[in-house]
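Asks: The primary structure of each chain is shown beneath.
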Amino acid sequence: MASTTTTISSVSTASVRTAAERVPWYVWCAVFGVTSAMIGGQWDISWHRSIGRDTFWTPAHIAIYMCGVLAGLSCGYLILATTFGNLSQLRGTSVKMWGFEAPLGAFIAAWGGVAMLASAPFDDWWHSAYGLDVKILSPPHVLLILGNLAVNTGTLILILGMMNRARASFRSRLEWLFLYVGGVVLVGLMLMIMEFSWHSLMHNGIYYRVVCMVVPLVLAGVARASEKRWAATTVTAVYWLFWAGMGWILPLFPAEPKLGPVYHQVTQFVPPEFPMLLFIPALALDLLWSRTRDWNLWKRSAVSGLVFLALLIAVQWPFSSFLQLPAARNWVFHTNIFDYNAHRAWMHYVFTKPDAPLDFLRELCLAAAAAIVTVRLGFAWGDWMRRVRR
Amino acid sequence: MFRSSVLFLLAAASAFAHVGSPDVFYDGQAGPYRLLVTIRTPSVIPGVAEIEVRSAANDVQTVHIVPTPLLSEKSQNSGEATFAPVPDLALRSKDDPQFFTGSLWMMTSGSWQVHVTAEGPQGKGDLSVPVPALSSSTKKMQAPIGVMLAALGLLLVAGAVSIVGAGVREGQLEPGLAPDAARVRRARWVMAATAVFVLTLAALGGLWWKSEAGDYDKHIYKPLQMSATFENSGENAGRLMLHLTDPGWARWRKVDDLVPDHNHLMHLYMISLPEMDKVWHLHPDRVDAGVFAKDLPNMPAGRYALYGDIVHADGLPETLVSEITLPAVAGKPLEGDDAMGAGPPISQADPNNTTAQLADGSRMIWEREPGPLHAKRAMFFRFRLEDADGKPAHDMELYMGMPGHAAFVRADRSVFAHVHPSGSVPMASLSLTQNAGDGGAAMAGMAGMAGMDHSGMGMTHALPPEVSFPYGFPKPGDYRIYVQVKRGGRVETGIFDARVEK
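The listed protein sequences correspond, in order, to chains S and Y.
Once you know that position 95 of the first sequence is 95 in this note's numbering, the rest is easy, because the numbers rise by one and skip nothing.
Once you know that position 249 of the second sequence is 1249 in this note's numbering, the rest is easy, because the numbers rise by one and skip nothing.
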């Protein structure tokens, strides 16, 4: 009798565990959404550099807004089902807002979805009022990007809540998903700073300052929250593989400019620039962080920020020089492919006018300060994320 | 030297290539096909222009359209070549197989051309239509979209504050536990700080928006300003002086880069106010950079509206607007291409009258189709000249190289358009287009010019007693149409009135 009870009990526990240890569909849905926006964003930028003009209904736009729709649907379902319906068992691991209950990440992602969808009529009006700009940074585009970042962050925290409650084996699986979404967050931020990170700017201080304002935050935050040994390297690898992959795939498809003036004949989708080799400074940070666990956080941030900047310069300065050489004008580095509206001057493979020495020094000091502060902020964000339970 | 009281300077807010009439109309030959092309320019640049193409006969199967800058990059910018984008296939109307429509993006302000290629059983034919692409206004936000965006904005601000509060209050609690009072209190403080932060961000976003809108305002087209003075004593007594000044808009536009259009740098219409019953079509001479002068003919004392049509070297046409009050002018006789016409006062306008009685007893008749006139509709305005005895006029001549000139002026003067039988396109701009590079193919392709001997422009040839002008009224209202043709060495002016409905 006793043995029978034990058997039934163990079967029951096993099936519950199996169900609880499966990544739920709404998480996959959110992960699919953020991936869709990541591809759509890159595709849309390429569209504007190759074809030039578009409509609201281009596949690239649909891929971007799909993120908002999927986040809205999956997180909307999660919120309603947790509050009123068949996911009420999640209430114990939920937060409350406006009478609704759901995991914190669901609310953040749903907010992002609303922001993304709100940006669509705003952008449409903006274009009708101020012209069909093709800038990345305009107020409605920033709302779209903020919304997308919120969906990415919401997805990250949705995974995190489960991850921080999970047992070792399931946690490990969730950590990979967490690092992947961390990579997606990094890609989103790199798209945002694209106008400051052309390789022709990599001998100017502003490039280093802007990168230091963005990248260390993600690396430090995600690495500290995940506690994986090679977390920062993994995040940058996701960025690098995606960015390089898009660079290799997009030119395989034909495209023709439909906007004048056309200064350069384009026959294929223009790829993004070759990705930065961020995995090298990230690798150094992973190694540093594994050896300095007992350091004071500010000291750790200072050393991490300086190491990041030093390695970024050591890698990107010569690498951008290489990208100007004939050896890079091939399908791997694709520096031989130009936007349809690229002026001839851009095609001379020259760097932007160098900074005056003092200006350059000032920019590097600001970059170092930015890197130190963003690492520290990243640590604080990571610490907060480590404690997220819901 | 005494100068008479001067006058007002009217900065016409939406004036370019005519005043308040931005749409471009062109009637021309694309190889074997006669096409009427209407280009509705966008009010913001970059923006989308709507293109309408109507073939005169049902012999066109496809129409392709593509926009390019009017001058090649070579002449604009240090030797760079410009390639044409891929042409768009215009959509053929299902109900009207002679009517094609399309949309084209125009990305930069300035002088553009739309290249139209028609194909049919007789092969392929091309024509190019010059278009000024200029931002004319900033669109205000409509109330419904404003309310919707404000509501979404509030939702997002409130949502962000509440999410942060929920995160601080419960995000790090072990499952099943309720937040204690300290957490609740802390969450409130963080929410307050977040509200300040988010509202600050929103305010900064608002400042950014304002700054972007301010930058955009700088791109809104500002026509050259024209001030008019009258010399009523001294050696230049009786002379009208026109001073052109640049209010600052685009660096590439100059006050002194003008090219002749029909052999004149400026075509000046002077219309008597308020009755608009007398019109002078004069051609001031350039006397200095941005300064024009004209010895006026006899003119009664009064107020006059001035419209000066000019064309810049890059093909950009402008209509400069001013106003002047003159004393009675005992001036010189009209000479050269200068002309004068008179009609009934506008206060006695009869929009149903289609006959203008001319001074020598002959008549100009508007062959108007029955029914009301509608705004935004491209159509041909046909006028026939007959002698006093009712016979068709037989001594028609070209007037400045054209079978006729027409000015469409709205009664409130918010619209002024100087139109030719080939349309609203200045000939000087047309001569710069893509298919004008081979010795004036574009000019030869103009409707009304085909089949004529141009060897002695302005000389007597066997011209028909009819002239037609393609045009569309930009908005409803009362309009006055001044039509000028030349016959037997004299320029005749017929004045007509039109009431235009929506």
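By construction, these hints were calculated from the structure, which means they are not laboratory data.
Please note that a few of the clues may not be correct.
[What the hints assert, rightly or not] Listed below are the simulated SDA-like cross-link pairs for lysine to any residue, each with C-alpha atoms no more than 25 Å apart in a straight line:
1) Y:K1391 / Y:S1468
2) S:K96 / Y:A1182
3) S:K258 / Y:A1182
4) S:K96 / Y:A1178
5) Y:K1332 / Y:P1297
6) S:K258 / Y:V1086
[Unchecked claim] Among chain Y residues calculated to face chain S with C-beta under 8 Å, some are:
7) P1046
8) S1135
9) K1139
10) A1143
11) P1175
No residue lacks a Cβ here, since even glycine has one placed at the ideal position from N, Cα and C.
Asks: Could you run down the list of hints and mark each one as holding or not?
Replies: Status of the hints after comparison with the structure:
1. Taking the CA atoms of K1391 (chain Y) and S1468 (chain Y), the gap is about 19 Å. The hint holds against a cut of 25 Å.
2. Between K96 (chain S) and A1182 (chain Y) the alpha-carbon distance is near 17 Å, which keeps this suggested pair within the 25 Å criterion.
3. Our distance criterion of 25 Å between C-alpha atoms is broken by K258 (chain S) and A1182 (chain Y), whose separation comes to about 61 Å.
4. The straight-line distance between the Cα atoms of K96 (chain S) and A1178 (chain Y) is roughly 11 Å, inside the 25 Å bound, and the hint therefore holds.
5. For the suggested pair K1332 (chain Y) and P1297 (chain Y), the alpha carbons sit about 5 Å apart, so the restraint of at most 25 Å is met.
6. Between K258 (chain S) and V1086 (chain Y) the alpha-carbon distance is near 5 Å, which keeps this suggested pair within the 25 Å criterion.
7. Annotation: interface hint on P1046 (chain Y) holds; nearest CB of chain S at approximately 4 Å, less than 8 Å.
8. Given the 8 Å rule on beta carbons, the hint for S1135 (chain Y) holds: about 7 Å separates it from the nearest Cβ of chain S.
9. Annotation: interface hint on K1139 (chain Y) holds; nearest CB of chain S at approximately 4 Å, less than 8 Å.
10. Contact between A1143 (chain Y) and chain S, as hinted, is not supported at the beta carbon level, the nearest pair being about 12 Å apart and thus beyond 8 Å.
11. With a cut of 8 Å, the hint placing P1175 (chain Y) at the interface with chain S holds, because the nearest CB-to-CB distance is about 5 Å.
The structure fails hints 3 and 10 (numbered hints given earlier, in ascending order).
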